[in-house]
Amino acid sequence: MNVIQELKKSLPSGSVISDKEQCTPYECDGLSAYRQTPLAVVLPHNIDQIITILAICKRFNTPVITRGSGTGLAGGALPLANGIVLGLSKMNKIISIDPLARTAVLQPGVRNISVTQAVEAYGLYYAPDPSSQVACSIGGNVAENSGGVHCLKYGLTVHNVLSITMVNMAGDIIKLDEKDDGVDLLALLNGSEGLLGIIVEVKVKLLPKPDTAQLVMAGFSSVSACADAVTSVLEQGIIPAGLEMMDKFSIMAAEEYAKVGYPLDAEALLLCEVDGSFDQVKVDTQRISTILEQAGATSLRVSQNEAERVALWQGRKNAFPAVGRFSPDYYCMDGTIPRKRLAFVLQEIEKLSIKYQLQVANVFHAGDGNLHPLILYDANVPGQLHQTEKFGAEILKLCLDVGGTITGEHGVGVEKLDSMCHQFATPELEIFHGIKNVFDSTGLMNPGKAIPTLHRCAEVGQMHVHNNQLPFPELERF
Amino acid sequence: MSEPWINQICDQVKQAAFEQRTVQIAGNHTKVPLENGFEEVSLTQNVSATGIVDYEPSELVVTVKAGTLLADLKAELAQHKQMLGFEPPEYGGSTIGGTYACALTGPSRPFRGVLRDFVLGAKIIDGRGQPLAFGGKMIKNVAGYDVSRMLAGSKGSMAVITELSLKVLPLVEEVTYCKAIPESDAIVLMNKMAGTTLPLSGCAYYEGLFYYRVFGEHPKQTDVTACTNDIWLTLNPFKPKLQAHQKLWRVDTEGPAPSIPNTLAVGMCGQRRWVVSEDAPAEYSTLWQSYFSPRHNDTSPIANIKAGLKNVFDPSNVFKTL
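Respectively, the protein sequence lines represent chains A and B. Everything in the first sequence is counted per numbering that gives the first Met the number 0, starting at 0 for the first residue and increasing by one. Everything in the second sequence is counted per numbering that gives the first Met the number 0, starting at 0 for the first residue and increasing by one.
Worth flagging that the hints you see were computed from the coordinates, not collected in a lab. As the structure is a prediction and not an experimental result, all values here were calculated from the model. Quick reminder that beta carbons are idealized off the backbone N, C-alpha and C, glycines included. Some hints here could point you the wrong way.
In silico lysine to aspartate or glutamate, EDC-like type, Cα no more than 16 Å apart, as pairs [what the hints assert, rightly or not]: (1) B:K80 - A:E234; (2) A:K339 - B:E2; (3) B:K219 - A:D278.
Just the calculated beta-carbon pair ranges, DEER-fashion [to be verified]: (4) B:A74 - A:T441: 39 to 45 Å; (5) B:D278 - A:Q21: 53 to 59 Å; (6) B:L286 - A:S223: 54 to 60 Å; (7) B:T195 - A:Q386: 50 to 56 Å; (8) A:P320 - B:E173: 32 to 38 Å.
Far from chain B, some chain A residues (derived; all Cβ distances over 12 Å) [stated by the list, open to error]: (9) K19; (10) T23; (11) G29; (12) S145; (13) E192; (14) N436.
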């Protein structure tokens, strides 16, 4: 009996998909440039079934790739030909809500937006809001430590998770709680990209819904003036709920798509939102308007009501599909840099755009320095995807060179494995492999993702040479 | 190339590993006294191990050496109208490294987050005597496992922390109000208030009074008395006068959980209770005597994971095992 037969025998009818055609929708996540049909897709309804699946996979030495809603952008849920996809979409119940404690306990397949919708009646909401929040799942959010527009003020997923229940490859059910003593395992699980355990339950923090929110939109005649304005806002002690920037191309594309009244003469656009009590928002909006005027804004608009605020966001929220209309394909990067280097980095990206002959649109979470350059390409042109990947890797290297990081909110997945070799030296990578081994000594949980092998880094040529001792001297060098 | 003081500690750790000795990492001994039989790895005796490495207020990030006194760090931030959002307790000469090692967070915890929420990166020396760097200076960074947040609370058992990068927040004006109500009512009330948009930054119950602290623009408060902010220094750190035989426990609970007998103080929307008791009064209880005792109530898989991680970072057991 093989692994598929065993899974089918042990699970309810319909839980195992092994037909190649039916497996096709699972061949990639949001990073569709990488595709692989899995051996099978298994869709459990509960924790007991997950334990059964893991036991069978362990017996047959079959890799397990956990998948939420498949909205990840770094190939973290890319299947393996000899592995199963463990889809958690059927475990999508809100287990409990405690309005007084301001918490909710969720199964991993609950969609992000569903949490806020479920607790709206209590005047509460769930703060982390990835752009894919209408589709993405809480389990996936935890696995990727997802961010969103409101990260600067309200934090990433890790800041809003109070406990996680996970199942390890041995079938143990392990609950990690913020109240635990000693090393912070709860923090470690956030962003672990499916390599350490299957997340089966999540308790999240809920926040009181702000009385009001107001958006200030400002156009600038240069990217550097816009970047300086961001610095001025933060220096004045204001932490906006959202602080987003777009370059000229993105402004034009978004306006053509959403028609919300963005200033087409601007070289850069800043969207700055404040939220909270009526009194505080009134004060902050006035202060921000003054700061942006003093920073040289060429146009300024303050939302006068909720409908206008939502409408002005529509351009930004649809910037990716808007830009996508100008090219058959685009590749969304995700690096983070110190804000003060923003103008320099954008200049360098422009140079790379000329070098690779590929157009770029820049959209960023300016408040936390998280860039999302969109590289436009055509996958049908031979070699252009490869050029795009090289371009993207150079952007990430640039982020590192100015003191940043290769991923702010998308994760590493398979996409940024080589870039990890730039960011981390061999000793740190060895620690990462050690951590993985503690949680999963079988190596069957999402193998080949997030943490590059040392062999791979040696091939990339980013070896850390300590005391002139070459690591892996047995490897042939080119 | 590492700085000389880093190299000194690396050599000290390597030597201890070679000689199969155990070392105890210490800042200013404000929380943990040096125990007999342990060699000290000191972060404050060497002046090079203190000081701010990098600080740009507009980036909302400060990078600081672990031996830096909390008071010095807070004073520098205050000069730029910024603060540590986790409001760490000051034990009189506390260091930022020791505060991180013990994962200590003050009254603002339910509103602004715990210490590790503000950690962006850490430089450490592991049990092999290797200098390592995890995380960075970015507010958003999800590359690799989050080791710098994981080590918050490791109490010197895994690695020597040499440098930390922390997110900072704008310094805000705060005012405190109080009123007399029963403890159980106060616990419910503080949770109800936390579910509103009132900009709270602290709430507590102590000696018959319910206290809450508010920042920024807020509606006029009625039926309460305006108090000084001193109550937050009384509760953070909490050092009540006890009889010699009494044991003080810090209990971490669900916020609205019912009152616990013999509670001296309630903080953080009820998430923290200080209780005098002979035995552990609840599940997440830590005996809180003159120094920080680790809590040993991990179930088997978690205990195994922690032991495994200890082995990853410190395979020769150089650092004091908890």
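Hints, verified against the model:
For the hint linking K80 of chain B to E234 of chain A, the alpha-carbon distance of about 9 Å falls within 16 Å, and the restraint holds. Proximity of K339 of chain A to E2 of chain B is assessed by CA-CA distance (about 27 Å); at most 16 Å being required, the pair is judged violated. Simply put, K219 of chain B and D278 of chain A have alpha-carbon atoms about 11 Å apart, close enough for the 16 Å limit, and the pair holds. A C-beta distance of roughly 51 Å is found between A74 of chain B and T441 of chain A, which places it outside the suggested range of 39 to 45 Å.
The hinted range of 53 to 59 Å is satisfied by D278 of chain B and Q21 of chain A, whose Cβ atoms lie roughly 57 Å apart. Under the hint 54 to 60 Å, the C-beta atoms of L286 of chain B and S223 of chain A, about 56 Å apart, fit the expected range. For the pair T195 of chain B and Q386 of chain A, the supplied restraint of 50 to 56 Å holds, since their beta-carbon distance comes to about 54 Å. One distance hint, 32 to 38 Å for the beta-carbon pair P320 of chain A and E173 of chain B, is violated here, with the actual separation near 44 Å.
Once the 12 Å rule is applied to beta carbons, K19 of chain A is consistent with being away from chain B; the minimum gap is 33 Å. Even its closest Cβ contact with chain B, about 29 Å, leaves T23 of chain A beyond 12 Å, as expected for a residue assigned away from the interface. Distance check on G29 of chain A: its Cβ is at least 15 Å (rounded) from any Cβ of chain B, clearing the 12 Å threshold; non-interface status holds. Distance to chain B contradicts S145 of chain A as a non-interface residue, since its nearest Cβ pair spans about 8 Å, not more than 12 Å.
For E192 of chain A, the shortest C-beta to C-beta distance to chain B comes to about 9 Å, within the 12 Å cut-off, and the non-interface label is violated. In this structure N436 of chain A is not separated from chain B by more than 12 Å, as the shortest Cβ-Cβ distance comes to only about 8 Å.
Hints 2, 4, 8, 12, 13 and 14, counting from the list given before, are not met by this structure.
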